[in-house]
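2 protein chains.
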Amino acid sequence: MPLPVPVLPEGVDPAWLPPDAFRALGSRRTLIRGSGPLVETVHGEVAQACARFGGRVVRDCEPGATGNDLVLELTGSDGSEAFMYERAGGRTTVTASGQSGLLYGLFHVVRLGEDAFRGERRSREEHRPAVALRMLDHWDNVAVHPVMGQVERGYAGGSLFWEDGRARGELERVRAYGRLLAACGINAVAVNNVNVHETEARLLTDRIGEVAEVADALRPYGIRTQLSVTFAAPMVLGGLATADPLDASVRAWWAEATARVYEAIDDFGGYVVKADSEGQPGPFAYGRSHADGANMLAAALAPHGGTVHWRAFVYDHRQDWRDRTTDRARAAYDHFVPLDGEFAANAVLQVKHGPLDFQVREPVSPLIGAMARTRLAVEVQATQEYTGQQRHVCWLGPMWSEVLRFRPERDGGPSVGDLAGGGLVAVSNVGDDPFWTGHPLAQANLYTFGRLAWRPDADPDGVLDEWIGLTFPSAPERLVAGVRAVLTGSWRTYEKYTAPLGVGFMVQPGHHYGPSVDGYEYSPWGTYHFADRDGVGVDRSRATGTGYAAQYAKPWAEMYESPDTCPDELLLFFHHMSYGHMLHSGKTVIQHIYDTHFEGVEDVAEAREVWASLAGLVDPARHARVAERYEEQLRSAREWRDQINSYFLRKSGVPDAHGRRIH
Amino acid sequence: MPLPVPVLPEGVDPAWLPPDAFRALGSRRTLIRGSGPLVETVHGEVAQACARFGGRVVRDCEPGATGNDLVLELTGSDGSEAFMYERAGGRTTVTASGQSGLLYGLFHVVRLGEDAFRGERRSREEHRPAVALRMLDHWDNVAVHPVMGQVERGYAGGSLFWEDGRARGELERVRAYGRLLAACGINAVAVNNVNVHETEARLLTDRIGEVAEVADALRPYGIRTQLSVTFAAPMVLGGLATADPLDASVRAWWAEATARVYEAIDDFGGYVVKADSEGQPGPFAYGRSHADGANMLAAALAPHGGTVHWRAFVYDHRQDWRDRTTDRARAAYDHFVPLDGEFAANAVLQVKHGPLDFQVREPVSPLIGAMARTRLAVEVQATQEYTGQQRHVCWLGPMWSEVLRFRPERDGGPSVGDLAGGGLVAVSNVGDDPFWTGHPLAQANLYTFGRLAWRPDADPDGVLDEWIGLTFPSAPERLVAGVRAVLTGSWRTYEKYTAPLGVGFMVQPGHHYGPSVDGYEYSPWGTYHFADRDGVGVDRSRATGTGYAAQYAKPWAEMYESPDTCPDELLLFFHHMSYGHMLHSGKTVIQHIYDTHFEGVEDVAEAREVWASLAGLVDPARHARVAERYEEQLRSAREWRDQINSYFLRKSGVPDAHGRRIH
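Quick note, the sequences are listed as chains Z and F, same order. The working numbering numbers the first residue of the first sequence as 3 and each following residue consecutively. The working numbering numbers the first residue of the second sequence as 3 and each following residue consecutively.
It is worth saying that the hints were derived from the structure and are not from the lab. A few of these clues could be false.
Per label pair, the in silico range of CB-to-CB distance [unchecked claim]:
(1) Val612/F with Gly512/Z: 31 to 39 Å
(2) Asp459/Z with His665/F: 42 to 50 Å
(3) Glu630/Z with His147/F: 27 to 35 Å
(4) Asp336/F with Ala629/Z: 32 to 40 Å
(5) Pro526/F with Arg324/Z: 29 to 37 Å
(6) Pro526/F with His147/Z: 25 to 33 Å
(7) His147/Z with His147/F: 14 to 22 Å
(8) Asp342/Z with Asp621/F: 55 to 63 Å
(9) Gly167/Z with Gly167/F: 15 to 23 Å
(10) Asp336/F with Arg324/Z: 40 to 48 Å
Partial selection, computed: residues in chain F whose CB lies under 8 Å from chain Z [stated by the list, open to error]:
(11) Arg324
(12) Val519
(13) Asp520
(14) Tyr524
(15) Asp644
(16) Gln645
(17) Arg652
(18) Lys653
(19) Gly655
(20) His665
This one's a predicted model, so the numbers in the text were calculated from it and none came from an experiment. Ideal placement from N, C-alpha and C gives every residue a C-beta, glycine not left out.
Using the sequences and the hints given, assemble the complete structure.
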């Protein structure tokens with residue numbers, strides 16, 4: 003029986019799967035061959051499209067299956083996610099040896115639209131995800147956290163899964179969510195926050211049934227479910243006196259708890275763990291290494307085929323700002339490189355893409371490329387904690403693409419995408435908002451993440467065009483060009499009006515929205531800029547600084563070591579520079595700060611005008627939501643400009659070369 | 003029937019009324035003459051003391067009333083709070099023409115201790131409060147506020163009156179509180195926060211019974227109860243479409259609501275109102291003046307003998323930091339001076355002592371002295387919002403005394419204490435903490451306020467000694483000297499390690515604890531320091547600044563106008579000065595900053611040692627609580643020192659003349 007396509011609740015935006023995106027498919031004749039639950043999902047999709055647009059769909063078991071425009075054929079049951087795509091003899095064929103592959107092939111056809119049914123292709127194309135695990139981490143709390151709320155760093159309303167301490171129970175919406183994820187290639191979801199509080203801890207044990215319901219809703223779209231667990235679970239939940247990973251009773255507790263999880267969810271993906279980080283418990287309390295900790299969980303998961311994702315986000319969050327020798331950027335490398343080779347095969351070290359924390363500009367974490375004998379997952383942040391919190395347009399495709407294409411050995415060797423054998427992970431930007439992501443244009447970030455996780459070397463601009471084509475089907479060129487214009491450069495625009503030249507932070511403490519140049523300067527968080535009357539930036543050179551630059555392989559280490567060769571955009575990340583230092587761009591540091599901040603605001607004003615000009619071409623609710631957020635973005639960008647420029651004028655005393663007003 | 007003295011709940015500190023403070027009184031023979039409820043309070047006090055210490059007490063109606071050591075005699079019923087004190091013929095006599103006067107006379111005898119029964123005095127002494135209304139404003143919320151909690155700016159636990167949306171009901175403790183207040187001379191309590199939220203608004207109407215219970219508990223100690231009300235009450239509670247103070251239906255609503263209040267509390271004191279301030283509603287919405295607003299409430303209260311306290315804390319809290327022409331310090335004067343003479347006789351304008359907001363150092367508000375035809379109340383803040391939040395020792399007696407003795411016409415004319423005809427008011431620092439004030443030594447602030455309100459020209463050091471004598475009866479001289487030592491200079495010590503030279507703020511936004519030099523610098527709150535690489539401070543001169551200095555009478559205006567004559571401690575409040583400017587002290591501004599910050603920390607360390615040396619002389623629980631808070635004070639003082647010094651070193655580039663380490 004074909005699985006009915008989930009029905010969106012009234013008023014919820016279809017995102018990149020509006021009915022019209024299925025017009026080409028739905029007006030054709032399709033034959034589906036094979037059987038299995040995901041084949042029924044595929045059948046349901048095609049059947050709904052045909053019902054709407056006049057085509058027809060048959061199964062191999064049915065008569066009259068000739069004269070088809072499209073054949074979707076499952077040829078095996080190997081669990082592969084790959085598919086073959088062929089256009090020949092006036093017919094389009096998708097074959098896959100695993101059910102997920104067939105589903106991805108279907109969405110490939112949807113993306114191509116009419117192009118899927120035009121002309122001939124020279125040869126068969128194989129589509130295969132470069133990365134096996136493409137996961138979203140939801141930082142969703144079950145119980146509303148007094149400070150962080152229902153979703154930690156969530157800017158799109160409540161959680162899709164949880165509400166006020168309980169499972170939300172709106173499983174039809176969860177199914178619709180799974181469908182959107184499948185259509186961009188995501189195949190795993192961790193359903194709760196990595197900061198596991200008291201209520202959330204119990205999802206592992208007596209509340210696993212609630213997780214199972216989510217898993218059931220996501221499974222028809224090829225998505226496995228993961229759970230964030232607390233390292234202290236044996237104590238908190240099991241009443242043991244210790245959580246020591248080498249303690250036999252602790253290991254037995256985890257083995258048994260994990261077996262029960264698999265009784266409830268037989269394709270359960272595994273655990274996500276934030277240990278010894280920002281107050282979370284971990285193996286350090288027992289004098290054990292993080293490999294000991296991860297391997298204990300890996301051992302519990304191994305009999306069931308599960309994986310533990312162990313986050314490498316370990317640093318001293320009670321640093322003394324007076325101590326300039328400690329460098330938070332060094333921490334992940336210093337903690338984990340000595341453990342390379344010690345992690346179990348089903349333990350994945352999950353590394354943030356940069357050494358700090360999802361700033362608008364960071365170098366790639368030197369840990370990636372330094373752990374040859376460890377499976378790594380690379381984590382990016384779709385939720386825009388530091389990049390405008392879904393009130394600002396900031397399409398992160400180009401940033402992620404730069405990260406994924408970065409080659410830790412520089413000219414040769416594998417890229418970050420190649421090295422992410424343990425998966426690509428994004429912190430979700432989705433909530434129960436009618437537009438899913440708060441800002442309607444932030445949907446592009448979610449979509450782009452999925453597609454880049456499938457193919458890390460994809461051209462992000464091409465992905466953006468895909469997203470535009472799906473989201474605004476049959477759009478006039480003016481609309482396509484307008485949407486492209488406001489998104490394409492939005493990350494660089496955001497960079498222009500916020501913290502300059504890779505220096506990072508300068509945000510309001512706590513909530514991280516809006517400027518506060520000294521907000522973290524005298525804090526224990528290890529994120530400083532050291533601006534004084536002469537200059538600004540952090541000396542992370544080997545010669546005179548914290549030595550962080552030396553954590554890279556030689557070609558990068560040498561490039562970053564010297565201000566002469568360090569790229570402008572990372573200069574203040576690696577060096578403390580005088581305001582008069584001449585950048586490669588030919589501008590001084592201080593003039594660069596002034597210029598980019600004036601430009602950034604102008605860019606936003608211009609984007610706002612472009613968006614305004616699209617009124618009438620876009621659904622009014624969506625247009626209004628974006629227009630309203632542009633007002634806030636412009637206000638906020640001006641605030642950033644004026645605070646940053648005033649701060650540096652007051653400190654440096656250097657007037658703007660163009661005589662513009664700085665307060 | 004004598005009124006029994008309230009019994010303190012187990013574990014609650016007796017503060018300045020420990021049993022031993024009654025030893026002298028309780029071992030004597032006392033005769034009480036007169037009748038009335040407060041005479042029964044007096045009788046109850048004396049009876050309990052005698053029961054404990056072997057004396058005896060008789061009433062004039064009883065036989066055997068001869069050979070008395072003390073006579074407490076009520077001679078009339080004029081409601082006066084004054085009393086006559088006489089020592090003659092080996093007998094001490096207190097006479098009063100009003101019941102409250104007799105009560106205050108009793109506590110005078112308690113304060114004197116054995117001295118009340120020694121020697122002869124040359125003549126009769128008259129004791130009469132200089133200020134008729136001596137009020138505590140409790141910023142207590144009935145419902146816990148999501149940001150501000152149960153008590154706004156409360157640092158002593160929950161509220162004595164309210165808990166979690168309900169009346170707390172612990173009326174015995176409220177009685178004990180009233181007793182403490184009477185013993186220092188306070189005669190009015192406003193029972194809820196001036197920011198009146200939804201729940202609190204209803205105290206005026208259907209929940210007035212809960213206020214009446216508090217009033218009943220306080221009345222036997224001569225304390226009248228006041229209520230903070232919302233200007234929007236006719237709309238919020240009465241369902242009217244307007245709160246326009248000139249609208250007849252609004253006036254009728256207030257008249258009727260007020261009549262009902264007096265049905266419940268016949269000696270109700272009146273209303274406290276924060277209008278058009280920090281988001282509270284007010285008359286501006288209707289194009290009416292604050293005199294219109296206050297007079298409407300005054301009219302409702304007048305038939306019943308009540309008073310409205312109308313706060314002058316009106317300013318633009320959405321200021322643009324870029325706009326240097328707007329000066330929050332000017333606001334109260336600019337708003338209210340044009341209204342002088344327009345306020346009703348029972349309307350009191352309640353003015354904060356400084357023009358900003360209870361900073362450790364501010365000039366006296368120029369509004370005081372500029373409203374000759376308006377009754378003024380002067381408000382100070384016992385709760386240590388900006389002065390260490392009852393984690394730091396900061397005895398405010400000297401600051402308040404300076405304010406109260408300030409003469410707005412400088413050499414001649416009345417003092418602030420003289421001008422406060424409408425009352426002296428303190429924001430309460432009390433909560434349900436076992437020590438009442440969180441920090442046990444913060445009790446001294448509450449006591450000192452009461453005594454200075456009674457007699458604004460009193461020597462604060464004398465008041466401190468009174469407090470020490472009562473709180474630590476029969477203390478050895480080493481203890482007295484130690485407590486005196488840690489309190490006497492504590493305000494100046496706090497000033498040393500925090501914002502320098504009157505510049506103010508530099509606190510963490512929101513909660514206001516701990517340093518953040520730029521915390522309010524780019525905010526809408528109007529509290530800036532304008533530090534740049536050359537200098538710091540706010541130019542409030544008439545010649546080149548905001549003109550605030552010209553709001554003072556000529557002698558002060560001239561003194562403040564010029565950096566040459568402006569007192570050092572207010573220099574940065576009135577002027578933007580270069581770091582190299584030489585102070586009257588002979589130090590440069592920058593060296594003053596460095597020196598005071600190093601000194602301030604040393605002072606705290608020294609005070610901590612003094613306190614440590616008192617172990618064994620002080621009740622262990624009290625000693626431990628103070629010792630623990632000294633640890634935090636020292637940590638915090640170091641943080642202030644290092645952040646302020648680093649900030650100014652980085653900005654000025656001027657090294658410390660003594661080569662001390664600045665980070």
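>> For each hint given before, does the structure comply? Return the numbers of the non-compliant ones in rising order.
In response: none
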